[in-house]
Each structure stands twice: as structure tokens, then as C-alpha cells.
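Those protein sequences? They're chains A and U, same order as listed.
Mapping of the first sequence onto the working numbering: residues 1 to 401, in sequence order.
Mapping of the second sequence onto the working numbering: residues 1 to 401, in sequence order.
Just so you know, the hints here were simulated from the structure itself, not pulled from any lab data.
A couple of the hints might just be wrong.
It does not matter which identical chain is used: a pair holds within one copy or between any two.
In silico PhoX-like pairs for lysine-lysine, Cα to Cα no more than 20 Å straight-line [stated by the list, open to error]: (1) Lys10 to Lys325; (2) Lys69 to Lys330; (3) Lys40 to Lys217; (4) Lys327 to Lys245; (5) Lys314 to Lys243; (6) Lys394 to Lys243; (7) Lys314 to Lys194; (8) Lys45 to Lys330; (9) Lys217 to Lys394; (10) Lys72 to Lys204; (11) Lys330 to Lys72; (12) Lys204 to Lys250; (13) Lys316 to Lys45.
2 protein chains.
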Amino acid sequence: MFTITHNDKKSLARTGILKTPHGSIETPVFIPVATQATVKALDSKDLELLGASVLLANTYHLHLRPGEKLVKSMGGLHGFMHWNKPIFTDSGGFQAFSLGYGMEHNIGKIASMFPVPHSIGMPGRKKLAVVTEQGVEFKSHLTGEKIVLTPKISMQIQRDLGADIILAFDECTSPLSDYAYTKKALVRTHRWAKESLAARRNAKQQLFGIIQGGEYKDLRVKSASFIASLPFDGFAVGGSLGKSKKDMHKILEWVIPVLNQKNTEKPRHLLGIGGVDDLFECVERGIDSFDCVAPARIARRGNLYVHPPAGTMKNKFVINIENAKYKADKNPIDDQCACPTCRSYSRAYLRHLYIAQELSYYRLATLHNLHFILRLMEEIRASIRNSTFARLKKTWISNHT
Amino acid sequence: MFTITHNDKKSLARTGILKTPHGSIETPVFIPVATQATVKALDSKDLELLGASVLLANTYHLHLRPGEKLVKSMGGLHGFMHWNKPIFTDSGGFQAFSLGYGMEHNIGKIASMFPVPHSIGMPGRKKLAVVTEQGVEFKSHLTGEKIVLTPKISMQIQRDLGADIILAFDECTSPLSDYAYTKKALVRTHRWAKESLAARRNAKQQLFGIIQGGEYKDLRVKSASFIASLPFDGFAVGGSLGKSKKDMHKILEWVIPVLNQKNTEKPRHLLGIGGVDDLFECVERGIDSFDCVAPARIARRGNLYVHPPAGTMKNKFVINIENAKYKADKNPIDDQCACPTCRSYSRAYLRHLYIAQELSYYRLATLHNLHFILRLMEEIRASIRNSTFARLKKTWISNHT
């Protein structure tokens, strides 16, 4: 169901077409996150107009509210959201662990993002989730109700939600989990991978296995090798991606060659990553798809993407619209952008809406950031086809060679 | 600049065309409120798609933030908001009084809406506004900074904002102001009306005079007669509209015949009113335009308009989307509606978004309610032209004859 259409000669970057019952996805692709069956501040029509080709919804959130049975009765996620293109769902594992432990919703996947160390069962934090050999038990962050997720239950929920591509149930270890714990968790995750495959009922849903192993080379290699040996339709790289972006790149450099030996022709997803530089670095290392809340979340906080030369690695390719220097700025957010927001509104107007906390700001800002990332991925795909990927990367990330 | 195109034979209802530098407005018309230069949760493009022909922005809010000088430098409200159709601004008087006294933003115009009596300088409430013979001094609800509004200042602010139709500066008395106070305030308001006219500088801006006088017949008649004698381009009925909707109807029955004697051919706006039944009752009594935040505000609180027979006077023509009975309801909000929300989404999905407090809910709900009211006004205009206004009113408000 996945066809590679072009391989970059100088890197592991590649273009492909992933076929699903709701249409084809051109890869590499950025997948906007529709956590609760809506991309925050946008509706399905907006996403169509932005040219999004696929969304990812969250099993954990939808299981809690409105519940997968309701979604199923409404025609699955496609009918419920009125979105007729492909949908991914995650397994619920990540949220079960992060929310179950009462941590921030915006838990990062790289340890350096955390100013305060945390780990499973850390002192002073009420432990809301318990990992057993069967799965994870946790309390709903909405109602306090006890919830159990196991590979079988996760598969059942994802079957009811009806996504085109679903993920195996895994344990997402913390960036600060030690080797011993990560190794132990990996054994469980591998057993759960097989249980997830065994619990699959709907052959139309493609099931991706998840590679774990934290930041430990032998565990990542072992996991890639094991997961690639199972009859998954694709793979996802999940869990802790180390203490820096360099660690994340190393992890991909351990994992992808293993997949290339075993299963070149299956798609590879990177869970929860989506910075501008990440897209280049990880596509170069063989990633086909990304999902990430960041472009939408930073938009809501005033950070709006701009192209180089205004956008640089140093400013993370964003301007902060709250800055007083934009007070009377008649220019669009980004002079190279053709999104609905940039076509109609000035920085001054958006700054006013942001400061006044107007609801319209959140949509206009999200439209811009998602348009920006979706167009960037389109450019990346074209550059791979035209053998100009390295050059494109250089024009964006001049201080990374 | 206002041409009456049809007079209803059985009532004071009429259709007309109000010409402005930014295009013509067909009346009777409903004017969505863009308080801070945005209709909450929508952008200008949304309003264009809904077929809104005119907006009303708030002088008080825009004076405080971002300031009229900034708006002027951005090409006035039209340039700032990227809205090329007509715009009204109010005079700032209403907000100065209501917010100045630290009252709720959603202060009503009819006393029965207030469970707790309040009046100017009521005990226990910190008095933030002081009325002088020159104008009103109050503290910004944002910064605490002292602000002064006078007829001259209001005209200057409205000139800088650049609306097509501006309003005279008036004192908006409370629904609970007594006769003596209302009479005294009216003398001031009438002097301010003349001062507003004298302070007008831009002949392209049409200036409407405001008729006050609370719920007192002699004061309303006197005010209508006085304001109609001045060279205003149109009139607005403002201030306290009594203790019930019947009082409001009576006030219009006192005021409009006076205007009809003096100035049939000038448009008449009713400030801050816009319930479904109000549109019928007030059009019937000779009102040409309405502005009201209610359709958008009630949408944000889950109340969504439905046509008769589901919509009735008793349920105020709304369903509350939070109701459990809509949990798995595949129908659109209103089966007679062709708005973007009803064309794509079910009640079940909207209920989910509402309960999950998703940002997308607020826009989808606002789109529906404004579409509903704008289409209703379109129907009302057509019914006046076809001499079927009374019949149309009856199909909507069967228990009011």
C-alpha cells in the first residue's frame, strides 16, 4: 500500500505514495493533529482548503470523550468530523503515560525540553497511572474514572474510531528513564506489538508497529529489528528521543538503516516531531511522515512562521506577533506566504487580535502556521524529486550542513 | 443617501437602500457587531461568505485598544479589518456608562433582564464613571487609566476610525433611572447632539442622532421631535427600553410616528436589540436597522437557532446543543439551514466540540447563528416587498398576533 516514487541519491530522503481507503497520501508528509476530532481552532473545511492530505486523532482523548462507540455510530471519525481524506490514530499509549502521570499536556519528547527532571513515579507527584504486564491503568484526567488500556483494548478503540492507519499499543518511556527500566519496558512493548497484531480485525486498517528503546543504541537497534520482523504495514519511531536534537538524529541513524535492511518498502512515521529543522533533518534520515501539535500550538501563543531570510535557526523560523514593533506593521506575517491570513490581514491587525485575545486570532494564526508547514513539505517533496533536497535544506538551515 | 423602496400597507415596515461610500445596504438589516474590529470567532472573509452587508464596531473598545490613531494609520477600520463594505461605529457612550460603572459587559437594555437592581452610583459598587455637563470621565476597564469622552472627542475618534455611519454622543440612562434623572440627562443628550453635529468634519460620514428619554412617553416624544429637527442623516433609538418587551414596543410606537411626521425619509436604527421576535416587532413598528451581539454571544453559550416549528417563542428559537438528547444526533442544527456549519456537521459533533470547549466550536456556532439571522432579515425584506410581511411574522410568532 506504500510505493516509493523517488530516492534521494545523497541521503535517505525519499518520496512515496501511501494508499488508504480514503485516498492517497504523498510522502514525506506533515500530519496536522486533530486531538479531539478537530484541529484546534480549525474545521475540516479549513483543512481541506489548506490542502492537508491526512490528519491524526488521539485515541486516548476520544476514548474518554465522546467515546469510540459514539464516534462509530456517527460513521467513524470520517463521518463524525466530516473529513473524507485519510486519518491516523495513535494508540493512546503516549497520553496514558503523560497525562496519567499528571504531567503537562505539552510533554516533550526530548529531555532538554524539561527544566525539572521527572520520571515514572517521581516523588511528590501523584501517580495516576500504573503499568502492568497487561497494559496501563490510569485515571481519566477529565473524570478521575479508572481507565485500562491494553493492546487489545487499544485495537478495539481504534477499530471503532475507524482511522485508515492505526498504531500498535506501546509503552512510551520518559526521556529520563534509565537503561534498566527502558530495557524492561521494551520487552513489554515488543510483546504488546504482537498482541496488537493479533487483535487486529479490520484488514482495511493499516497497522504500524512502534519502535521504542529510548536513547540507548542497542535497544533501538534491537527494537527496529524486532518490529521490522513482524507483519506491520509500516513503522513509527516513538518514545524518548534523547536529550537533544542531535540525540534524536543519532537515534534515527541507528534505526532507519535496520529498517532499510529489512523493509525498505514500508512507510516510517516519526511521532510528535515537527519543527522546521526537524522536517529537513528527519526526512534526510529516512522519515516519511510526521505528526505534531507544535505548529498549531505555537501559533496560539503568538509565534508565527516566516521564511528565510527572516526565519532562521536562531529565531526558530518565527516572529512573535506580540512584539511592539509589529504594532503598525502593514505587512502580512510572511511576505512569501499565500495563506488566507497573509492574503488578507496585516501583522498590526493580528497583533491587535492576539492582544485582545479575540477568538478569530487563533484560527487565523493556526491557518498560517499549518499552511506554512504543509507548503514546506510540498517543497521538500518536490526537491527530492528534482534532486535538489540538499540545496533546499541549505537555504533553510544554513548553519547546519 | 437613504431611499425607501417599499412601504408595507398594514404596518410601518418598509424596505430601503442606504448608500454609503463602501456600498449600499438593503434595509431592514441586521448588523453583526465587530466590537474590537472583529466579530467574535469570525474573520472578515467569513462575514463576506455569510452575506453580511454591514458591521458595527465599538468606539469605546477601539479607543482603548488599539487606539483610533493606529486604526487610522492602517487605512481606518476598513483597511485594518480588511472589510470593504459599510461600517457603523457607536459613539462610545453606552460602553462608557455600562463598563465605566463596572457592570457586566452584557448589560441589557430592558430592566427585566437584570435580576439585581442597579443604577448610577448604586451603593457597594465602585463608581468608575462621572457624568459632567461636558461629557463622561471614566477609568479604562483595561488599564485603569482616566479617559474622557465628550461629543467632540467621540466625533474625532469616530472620524479616525473612519466608519461610514457614526453616532452622536449621548448619555445612555439606566433602565432603573427615575424620571427626574432621565429628564435631566435628556437635556444634556440634546445639547450633546448639537455639539456632535458641530464637531463633524468629514461630510462622507453619515451622522445619526440618538433618541433617548428612557421609558417615559413625554421624554421620548420630546426627544424624537428634537433630534428629528436637527440635520442628522438618520436616527437611532437608544437607552433604556423599559421593563419588558411590551415597553420597548410602546416606546417605538411613541417615537416612530414623530419621525414619520418630521423625516419619513431618514433611516432609523435600534441600538442593541436583535432577538428573532424583536426583528419582527420592531420592523413592523418602522425600524430599518439593528445591531446586536446576542446571536453571536448565545451561540458561544451553546444556544443555536432553529426555524419554526422546532423554534418557538417559548424556546426563543434555539436549541441548547449541550443537551444530552443531541449526543448521537446526526442531523444538522437546523434542517432548514444552508449555513456552512449545517452543510457539514451534525448536532452530535457540535455538541462534542462544545463540551470539549474546542475553539472550532465557537466559529461554527457563530457562523450558524449569524447566517440564520441574516437570512431571516432577507426573508423579512422579501416579505415586505411581496406584501406578505404579516403572514411571515405569523408563521414565526404564532402566539403573537
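For each hint, the structure was consulted:
| no. | hint | verdict |
| --- | --- | --- |
| 1 | Lys10 to Lys325 | neither (42 Å within a copy, 59 Å between copies) |
| 2 | Lys69 to Lys330 | between (49 Å within a copy, 14 Å between copies) |
| 3 | Lys40 to Lys217 | neither (36 Å within a copy, 51 Å between copies) |
| 4 | Lys327 to Lys245 | neither (34 Å within a copy, 44 Å between copies) |
| 5 | Lys314 to Lys243 | within (19 Å within a copy, 61 Å between copies) |
| 6 | Lys394 to Lys243 | neither (25 Å within a copy, 70 Å between copies) |
| 7 | Lys314 to Lys194 | neither (43 Å within a copy, 59 Å between copies) |
| 8 | Lys45 to Lys330 | between (28 Å within a copy, 18 Å between copies) |
| 9 | Lys217 to Lys394 | neither (29 Å within a copy, 77 Å between copies) |
| 10 | Lys72 to Lys204 | within (16 Å within a copy, 58 Å between copies) |
| 11 | Lys330 to Lys72 | between (47 Å within a copy, 12 Å between copies) |
| 12 | Lys204 to Lys250 | neither (34 Å within a copy, 67 Å between copies) |
| 13 | Lys316 to Lys45 | neither (29 Å within a copy, 30 Å between copies) |
Violation of the numbered hints given earlier is confined to hints 1, 3, 4, 6, 7, 9, 12 and 13; the remaining hints are satisfied by the structure.
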